[in-house]
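A.B. asks: The lines below spell out each chain.
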Amino acid sequence: MSQQAKIEIKNLNFFYNDHQVIKDVNMEVRANEIYALFGPANSGTTTLFRALNRLSDLDVGARMEGKILIDGKDIRSNDVNVTELRRRVGMIFEEPVTLPMSIFDNIAYGPRLSGIKDKDILAQKVENALRLSVLWDEVKDRLHSPALRLSGGQQQRLCIARILALEPEVILMDRPCAALDPISTYKIEESLVQLKERYTILIIPHNVQQAGRIADRVGFMLMGEMVEQGLTKDVFTNPKDQRTNDYITGRFG
Amino acid sequence: MKLINAKQSQMIAKTIIWITSIIVVSLLFVIIGYILFKGLPTLSWQFLTESPKSMGREGGILPTIISTLMVTAVAILVATPFGVGTAFYLTEFTRETKVTRIIRFSAESLAAIPSIVYGLFGFIFFVIYLKLGWSVLSGGLTMAVMILPTIIRTSEEAILSVPVKYREVSYSLGGTKWQTIVGAVLPSAFPGITTGIILGIGRCVAETAAVILTAGSALRMPDSLFSPARTMAVHFYILAREGISMERAYGTASLLILIILVINVGANMLVNKFVAKSR
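Top line first, the protein sequences correspond to chains L and A.
Following the numbering used here, the numbering of the first sequence begins with 1 at its first residue and continues without gaps.
Following the numbering used here, the numbering of the second sequence begins with 1 at its first residue and continues without gaps.
Keep in mind the hints are simulated off the structure, nothing from the lab.
A couple of the hints might just be wrong.
To be verified - Some chain A residues near chain L, calculated using beta-carbon distances under 8 Å:
#1 Phe93
#2 Arg95
#3 Lys98
#4 Gly174
#5 Trp178
What the hints assert, rightly or not - Think about it this way: if two alpha-carbon atoms lie no more than 25 Å apart in a straight line, the pair counts; the simulated DSS-like pairs of lysine-lysine are:
#6 Lys177(A) / Lys117(L)
#7 Lys273(A) / Lys140(L)
#8 Lys10(L) / Lys23(L)
#9 Lys165(A) / Lys38(A)
#10 Lys196(L) / Lys10(L)
#11 Lys23(L) / Lys240(L)
Unchecked claim - Not close to chain L: a few residues of chain A, all C-beta gaps over 10 Å, as computed:
#12 Thr49
#13 Leu77
#14 Lys165
#15 Glu168
#16 Ser170
#17 Leu173
#18 Thr176
#19 Gln179
#20 Val275
In this text, a Cβ means the ideal position worked out from N, Cα and C, and glycines have one as well.
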């Protein structure tokens, strides 16, 4: 694991109108690690993710203070191209959202947006992405059938492939396995561990156990505050904050 | 004290709903059936391909078919880009403000105005002020103004029903606003937008009052957009109103119904084919 900070969040405050959803959060994610940001619903985890690739720009009444640096550069400075940023920081949503088009077109969607038209290059990118997300063998014979016919687990891996086709640097996953069965979850977790060799992965796990299984480091958020963060094994075996302990041991949440 | 129990009220409600729907459906079939019954015998190759003689007592109705197609085509070609564009502006490019509310309110009000008022407007504006005269163009433009609200409303509904998730996916894959609209929103909204256009076509084909005032009622083959024209609906109206030939009026009406049927079925097939590729 490299020690270099890929993402730095400094004194982040986030508001929806007058409602503060993130309170003075500081956080650091290193390159090529899996960072799990966990906490009960309404902790501000999803909002933090949306701020990271500026999807929150689209939300009415959203306002943020503080700094988010990726590779040392403020993502909100004027010379940052938002679409370029989103290409570098891919987002996987809780529910797999496949666009109503073929499997191939779903994955080629991102590369096409960036102006790639060559069929061979697109085909190559689609294949690579599908192999990385461990979906290739299941769909290679029906790339041109509608993506909506895939099972839930396959659709979520398709969404991962769709992000990978953009060759991003950071992948944000917001409860990617919440709607999936245990076997699909297992397959996705397995591919994540492989993917971190190339990418920096931030995940909001749908339960504490998932964080424990796959994350190198974790952060525990509660009501918009960062309660505790550190190496997974430290936080899980020896939490410093009583609230972390209570949450991990299932006393609330 | 309850007079009837739940099971009885369920039965009564079911019966009432059944009766109303049966009445509506049979009414529809009776009307269409009656017109086709009266009109179909008149339909012949000659009726479809010849020009009318002696004001429509004899001969065919080819010029009115062509006029109908031309007026409708002008209307749809003009109204679709403006209507769909406005719908996209209202849904994607602005947030709810006073301006959007005014535009939406205007569109809704326009939809409720009787067609004769559009006819009068078209007559004053296109025919006289713009000096287009009674012509296919005046008629088509007037129809375009008339169906604009319908197309705006239905397109808006269609666009709004596209899940926000699709837009977020497109944005999160590095799409610009325009790429997102073309790539993620339009394909999903397409069936709904098509429905609006079909409704518009239906109104154009069926319109009489506004067409008489703007395209005229000349029973000649229109040779350009600037020729006066008589659409099928107008022809039907004049044949029946002036007692020229009820037989031919029904023939025209049957053909009108068949054309609308073909357009609807065709558009549905188009939409289904499109949807089948994606679902």
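A.B. asks: Next step is simple, just say for each hint if it's right about the structure.
C.D. replies: Do the hints match the structure? See the list:
no.: 1; hint: Phe93; in the structure: violated, 13 Å
no.: 2; hint: Arg95; in the structure: holds, 7 Å
no.: 3; hint: Lys98; in the structure: violated, 16 Å
no.: 4; hint: Gly174; in the structure: holds, 4 Å
no.: 5; hint: Trp178; in the structure: violated, 10 Å
no.: 6; hint: Lys177(A) / Lys117(L); in the structure: holds, 20 Å
no.: 7; hint: Lys273(A) / Lys140(L); in the structure: holds, 24 Å
no.: 8; hint: Lys10(L) / Lys23(L); in the structure: holds, 11 Å
no.: 9; hint: Lys165(A) / Lys38(A); in the structure: violated, 52 Å
no.: 10; hint: Lys196(L) / Lys10(L); in the structure: holds, 24 Å
no.: 11; hint: Lys23(L) / Lys240(L); in the structure: holds, 20 Å
no.: 12; hint: Thr49; in the structure: holds, 43 Å
no.: 13; hint: Leu77; in the structure: holds, 28 Å
no.: 14; hint: Lys165; in the structure: violated, 4 Å
no.: 15; hint: Glu168; in the structure: violated, 6 Å
no.: 16; hint: Ser170; in the structure: violated, 7 Å
no.: 17; hint: Leu173; in the structure: violated, 4 Å
no.: 18; hint: Thr176; in the structure: violated, 6 Å
no.: 19; hint: Gln179; in the structure: violated, 5 Å
no.: 20; hint: Val275; in the structure: violated, 8 Å
Going down the numbered hints, you'll see the structure goes against 1, 3, 5, 9, 14, 15, 16, 17, 18, 19 and 20, while the others check out.
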